[in-house]
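Undergrad: Sequence:
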Amino acid sequence: MIMEFHKLHDRIKELAEDINYPCKKVDHLVFALKLSQTPGHIFFHSGFEAMGKSLLEAVNTHYLFTRGYSTEKEINEAKKIYKAKNPYANFAKDHHIWKFIYNDEHFADEVKRGSLRPKDSDAVLLERIVGAMYYDSNWEATKNWIITTLGIRELKKTGSIDSSK
Numbered sequence: 581m582i583m584e585f586h587k588l589h590d591r592i593k594e595l596a597e598d599i600n601y602p603c604k605k606v607d608h609l610v611f612a613l614k615l616s617q618t619p620g621h622i623f624f625h626s627g628f629e630a631m632g633k634s635l636l637e638a639v640n641t642h643y644l645f646t647r648g649y650s651t652e653k654e655i656n657e658a659k660k661i662y663k664a665k666n667p668y669a670n671f672a673k674d675h676h677i678w679k680f681i682y683n684d685e686h687f688a689d690e691v692k693r694g695s696l697r698p699k700d701s702d703a704v705l706l707e708r709i710v711g712a713m714y715y716d717s718n719w720e721a722t723k724n725w726i727i728t729t730l731g732i733r734e735l736k737k738t739g740s741i742d743s744s745k
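In terms of the working numbering, the sequence shown has 650 at position 70, counting the first letter as 1, and numbering is strictly consecutive.
Please keep in mind that the hints were generated in silico from the structure rather than gathered at the bench. One or more of the hints may lead you astray.
Below, simulated DSBU-like cross-link-like pairs (lysine-lysine); rule was C-alpha separation at most 35 Å, straight line [as the list claims (entries may be wrong)]: (1) 614 / 633; (2) 723 / 679; (3) 604 / 659; (4) 653 / 679; (5) 679 / 736; (6) 659 / 737; (7) 673 / 723; (8) 604 / 660; (9) 587 / 660; (10) 660 / 736; (11) 673 / 736; (12) 604 / 633.
Label pairs and their calculated CB-CB ranges [unchecked claim]: (13) 651 / 594: 26 to 34 Å; (14) 593 / 728: 16 to 24 Å; (15) 663 / 691: 27 to 35 Å; (16) 673 / 721: 21 to 29 Å.
Note that beta-carbon positions come from the ideal geometry of N, C-alpha and C, so glycine has one too.
Please construct the entire structure, taking both the sequences and the accompanying hints into account.
TA: Written out as structure tokens, the structure reads:
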């Protein structure tokens, strides 16, 4: 039994509203949260994860550089402090994103025997969402969402290169 399109779309829209997904369409977000039917694969569209990881790295590095962390060593040390707070996993946990993982029949929170939630998947889910966000919107919207939503702004340094972009 394949899940009804309207039920699927409504649930993903619910997630999009909760996380302030900055896109009018959620086509890629739907695919980013679908489980694989391929044995040995946790998720189906791992390209979203790779894209999201790259975008997060680029935005955070750019943000730190424009805020005065000018050497590779300073940037890497600031990123260690930032990543120690587990911002990606914490965001995913706070918004119960794992409940929106689905297969062809159920969402993770509807499964009676066990859960569809892969172990240690919280940070990976956020990376997939960021990748989908980029494809559903654009660079600026994604960059702004990352900066305003995921706590990188807490890392400030005086003497920065002032940049609002």
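Undergrad: Against each hint, give a clear statement of whether it holds in the structure.
TA: Hints and how they fare:
1. 614 / 633: holds (18 Å)
2. 723 / 679: The given pair, whose Cα atoms are some 25 Å apart, holds under the 35 Å limit.
3. 604 / 659: Holds: residue 604 and residue 659 sit about 31 Å apart, inside 35 Å.
4. 653 / 679: Not OK: residue 653 and residue 679 at ~38 Å, beyond 35 Å, violated.
5. 679 / 736: This hinted pair holds, its Cα atoms lying about 34 Å apart.
6. 659 / 737: holds (13 Å)
7. 673 / 723: holds (21 Å)
8. 604 / 660: Since the Cα atoms of residue 604 and residue 660 sit roughly 34 Å apart, the hinted pair holds (cutoff 35 Å).
9. 587 / 660: violated (40 Å)
10. 660 / 736: Holds - the C-alpha atoms of residue 736 and residue 660 are around 14 Å apart, at most 35 Å.
11. 673 / 736: With Cα atoms ~25 Å apart, residue 673 and residue 736 stay inside 35 Å; holds.
12. 604 / 633: holds (22 Å)
13. 651 / 594: 26 to 34 Å: Violated: the Cβ-Cβ distance is about 43 Å, outside 26 to 34 Å.
14. 593 / 728: 16 to 24 Å: holds (21 Å)
15. 663 / 691: 27 to 35 Å: holds (31 Å)
16. 673 / 721: 21 to 29 Å: holds (24 Å)
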